[in-house]
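Two chains, two frames, a set of hints: combine them into the complex.
Going down the list, the protein sequences come from chains A and B.
For the first sequence, my numbering begins at 1 and goes up steadily by one.
For the second sequence, my numbering begins at 1 and goes up steadily by one.
The hints are simulated quantities; they were obtained by calculation from the structure and are not laboratory data.
Please note that the accuracy of each hint is not assured.
Unchecked claim - To list a few chain A residues with every Cβ distance to chain B over 10 angstroms, as calculated:
no. : residue
1   : D26
2   : L39
3   : V51
4   : T92
5   : F103
6   : S111
7   : L157
8   : S160
Claimed, not checked - One side only, chain B facing chain A, incomplete, derived with CB under 10 angstroms:
no. : residue
9   : G36
10  : E37
11  : R192
12  : F299
13  : G366
14  : R371
15  : L381
Said to hold, decoys possible - Facing chain B, from chain A, some residues (calculated, C-beta under 8 angstroms):
no. : residue
16  : L148
17  : D152
18  : D154
19  : R156
20  : S158
21  : P161
Glycine is no exception: its CB is placed at the ideal position from the N, C-alpha and C atoms.
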Amino acid sequence: MSEREVLELLRENARYSTADIARMTDLEESEVEATIEELEAAGVLRGYQAVVDWDALEDERVRAEVELNVTLDRETSYGDIAERLARFPQVTSLRLVSGDYDFDMEVEGDSIREVSQFISEKVAPVPEITQTVTHYVMTSYKENGIELGDGDDDDRLSVSP
Amino acid sequence: MTLEPAQRVQAVPPSGIRRFFEIAEERDDVISLGVGEPDFSTPWAARDAAIHSLEQGRTSYTANRGMRELREAIAGYVVDRFDLAYDPDEEIIVTAGASEAVDLAFRAFVDPGDTVAIAQPSYISYEPGVIFAGGEPLPVPTREADDFRLTVGALERAGAADADALVLCYPNNPTGAVMPAADLAPIADFAREHDLTVFSDEIYAELTYEGEHTSIATFEGMRERTVVFNGFSKAYAMTGLRLGYALAPADAITAMNRVHQYGMLSAPTTAQYAALEALDSCDDDVEEMVGQYDRRRQFVLSRFEEIGMPCFEAKGAFYVFPEVPAGWTAEEFAEELLYDQGVAVVPGDVFGESGTGHLRVSYATGLGDLREALSRIEAFLEDRV
Ligand SMILES: Cc1ncc(COP(=O)(O)O)c(C=O)c1O
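With the rest of the complex left out, here is chain B (with noise of 0.2 angstroms):
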């Protein structure tokens, strides 16, 4: 044996991101509009709690599933914020970011040969995650003309009804699309009816700018078969100290531990100080920052309208989506923009092919920068269009 990859491993391709990344750090003009995380510093008040933590040496393991404090924190939050009522000793562990607990989800629960939906555009990370898993993804297109909502009839058309498990995430890394609770009520249906686990991706929760966010765990029997992901990454904008959790029945989270449990032992213990600190006193910091997206979403909403490019009116997250002029690929569009007039975007096909002819445009940047990228879309529409 030599260091030949897995298998699995050579099964999945680099990420899409990665090229547009090396083309933008070449020049050092570019105004970055594909960045999939927050602009703003992670709140003083939980950076000083973690600084404070190292201070007193705060620096070892915590209990696998996180501190106790931490969870009831979390339980506390999620029972408040969205109805979610958890168990903080059992049915709540706390990972190295969402994005552990994602992997771990997959790990616990799919086996070989199992097929997992995956409601597409989507985040780049699921796909990878089900098939390291040794599951088979089965993407399930979302439509423009559906907002990029999920429907039952996209679904049935992908055959997702002889899945054995559904991943969604709303509001949606790319699209910037919600699911508010009326459109979510028959994908509950759904996957009652055809017997789906879900699992369900709620990291940008915080950040939906009309009407409530819903978690489809809290429909009728949908909590024994839903695990929900949620992390601090976004709406505490704590990417760097990499801390998220998952909400489960009480089994589940014993599965998944298992795997963390050895996988990881515990998650980054300063930034479960930080977290604490910011469930206890950041909701004012929260707000301010949701305040400065929404002022931002609807500025960039506005200025693509004025330069007539299509884009659908995204809700949540902080990107929106919109559509490539006919005669363009995404791909080219979003080259040709960055080397025409150093805007980096993202091509939309790189989160699924349901995503093709568009483009993600994060509006996690400051509002002067966002004017700035905006002109120079147009000049290039002009230009070149």
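Just chain A, with the same shape it has in the complex (with noise of 0.2 angstroms):
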């Protein structure tokens, strides 16, 4: 299953370099090449994108997380809702999901104004929505499995039996 063990690292590190997975797999270079571009035609790889923590930068980056709750009506799915929604650029995830509401958006941008216009001007009027919450990120402590935090220094002596 190499094609498991190229999306494992690269999930961990995405910018590991074909001749480093190669090197930690029992994979040739030219085979992890072949596999990684076989994973993008399949659409199974859809990007590589970098963690940020915008609260260690000086300009402020505004994240909101939207609940969004839908009526469905015979022409209009979830699929159809989600279709429009998507293709707003402030729109950085866009899930559906069980429990309370609907969908589960994540939008981004410049500031709390700019976010909340969006969410007022462009979401809810759509004719399906019935009612969002819009949740804005204080802090985060994890993003995409790495911990924001200082992380644990290691403390281990440097040479040991």
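Structure representation (structure tokens):
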């Protein structure tokens, strides 16, 4: 299962070189390259993105988690609504979820004003959307499996038996 | 009488590791591949259980042999994983690290003048432990040509047939060698034939990357002559919590417990709670760590091959054991590498004479540092060799 192995390694660090991936597995570098190309072509690998701790930067990025409730009719499916919302560049992720609300949407913008305007002018007016609840992100502690704290210092002795 | 150390203490020199530690500590740009413990933190569930036990005020001594619940969990674990069937009431003792278990066994079973054969290169505590117990260590060198596995030939050449006991440790610190069942079988035959007590340190058992770990105690007629050591330090990244255990027939555990009850009373209670949780719920954490070590192992082996340092294919623990280039001693190479490039490794002869000409390189270090360290070693070879 070279695909799984390559995916796991890229999920750990998408900047591993194909040579390093080859060294860590039983694969040749050319096989790693071919596997990655196949996974991209098949739409399994959809992108490679940095995990950013915005709090560590001066210029603030505003993010919000938005709960959306919708009503469906014969002509409109969840997929139709999702497609419409997903087109907005402000929407960074969109998922249909179980529970009290239907969609779990993440949005990003340069200011609270911008994000609020987007919700009130672009999202809320969509006819099928019956309710929105917006939660602004105050601090993020973990993103994509990566803890954003200072981390555990390596306090091991430098040479030990 | 003054505070003059006893002769058997004077007979043991300070550890050769110490000197490298001191040099490495002087500099702050050092990448250390000299570390003999995991770089991962203890799985959170185990730490959380330890904290919870403290909150509940569970800070008294436990039974000498350890909490019953923990011994039951250990019994369940070793039988599932390694086919080692031991009774939690009579055949298991929980100790302050595998270190204490090893020490207890030497003190419980070695009489003054007994010869204890030790497969080498080996972890540095066995020889001193035997000497402190009044016994005489007999090094049994293993060879790179045998992938540092112990062979009957090596035992015979060293004169181990006349020994009273044999210490072995696979997966091995410092070589990373493992002993598959087929290679262990003749060693078991030899031990039976020559009536040797066997001390088997299996603390790296979980860190076996190819094939399955087999314990020598599982061979016909071996259980009654073997003490198996294991612990939580390596597999569960719990070194500082100090928790290990020994498995042996009831009478043997009774003897070890005699020493333990006077010398230690009981293993650290907080650590016992952490260990219980580790066995209960941390299989996934172990699997994740083992997966990471294995990738690093393959990475490091590939890099040594690329830069032209011969290195046999270590299949266990978290060490590889490359050869130093001709014209260098391991000591010189390690020292110059540290001064020149700020990479710390441990010269192989620290682990016994048969480690001469080799370096112990630990990959209990993140991949970024490993990559950088190997590049520095490559630069060192280009500049200096
Ligand atoms: C082979 C071997 N045995 C035993 C130990 C000691 O383990 P513990 O932390 O359980 O005392 C070590 C630690 O480095 C080791 O490498």
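Close enough to count: is the Cβ of R156 (chain A) nearer than 8 angstroms to one in chain B?
-> This hint holds: R156 (chain A) lies near chain B, its Cβ roughly 5 angstroms from the closest one there, short of 8 angstroms.
Holds or violated: is the Cβ of L39 (chain A) farther than 10 angstroms from all Cβ atoms of chain B?
-> 19 angstroms, holds
Would you check whether L148 (chain A) satisfies its interface hint, that is, whether its CB is within less than 8 angstroms of any CB in chain B?
-> Since the shortest Cβ distance to chain B is 16 angstroms, the answer is violated.
Chain B versus S111 (chain A) - minimum CB to CB distance exceeding 10 angstroms, so not interface = Non-interface label stands for S111 (chain A): nearest chain B Cβ at 36 angstroms, farther than 10 angstroms.
Separation of S160 (chain A) from chain B, once the least beta-carbon distance is taken, above 10 angstroms = S160 (chain A) is in fact no farther than 10 angstroms from some Cβ atom of chain B, at 5 angstroms.
Cut-off 10 angstroms, beta-carbon criterion: hint that L381 (chain B) touches chain A = Nearest chain A Cβ about 18 angstroms off; hint violated.
Taking 10 angstroms as the limit, does the beta-carbon of E37 (chain B) come near enough to a beta-carbon in chain A?
-> At 6 angstroms from the nearest chain A Cβ, E37 (chain B) passes the 10 angstroms test, so the hint holds.
Far enough from chain B: is every CB of that chain over 10 angstroms from the CB of V51 (chain A)?
-> 15 angstroms, holds
Are all beta-carbon distances from T92 (chain A) to chain B longer than 10 angstroms?
-> Label holds. Min Cβ-Cβ 28 angstroms, cutoff 10 angstroms.
When the least beta-carbon distance from G366 (chain B) to chain A is tested against 10 angstroms, hint result | 9 angstroms, holds
Go through the hint on D152 (chain A) and say holds or violated, using the shortest Cβ distance to chain B against 8 angstroms.
-> Given a least distance of 5 angstroms, the restraint on D152 (chain A) holds.
Beyond 10 angstroms from every chain B Cβ: check whether that's true for D26 (chain A).
-> Per Cβ check, D26 (chain A) is inside 10 angstroms of chain B; nearest 8 angstroms; violated.
Violated hints, listed in ascending order, are 1, 7, 8, 11, 15 and 16; each of the other numbered hints is respected by the structure.
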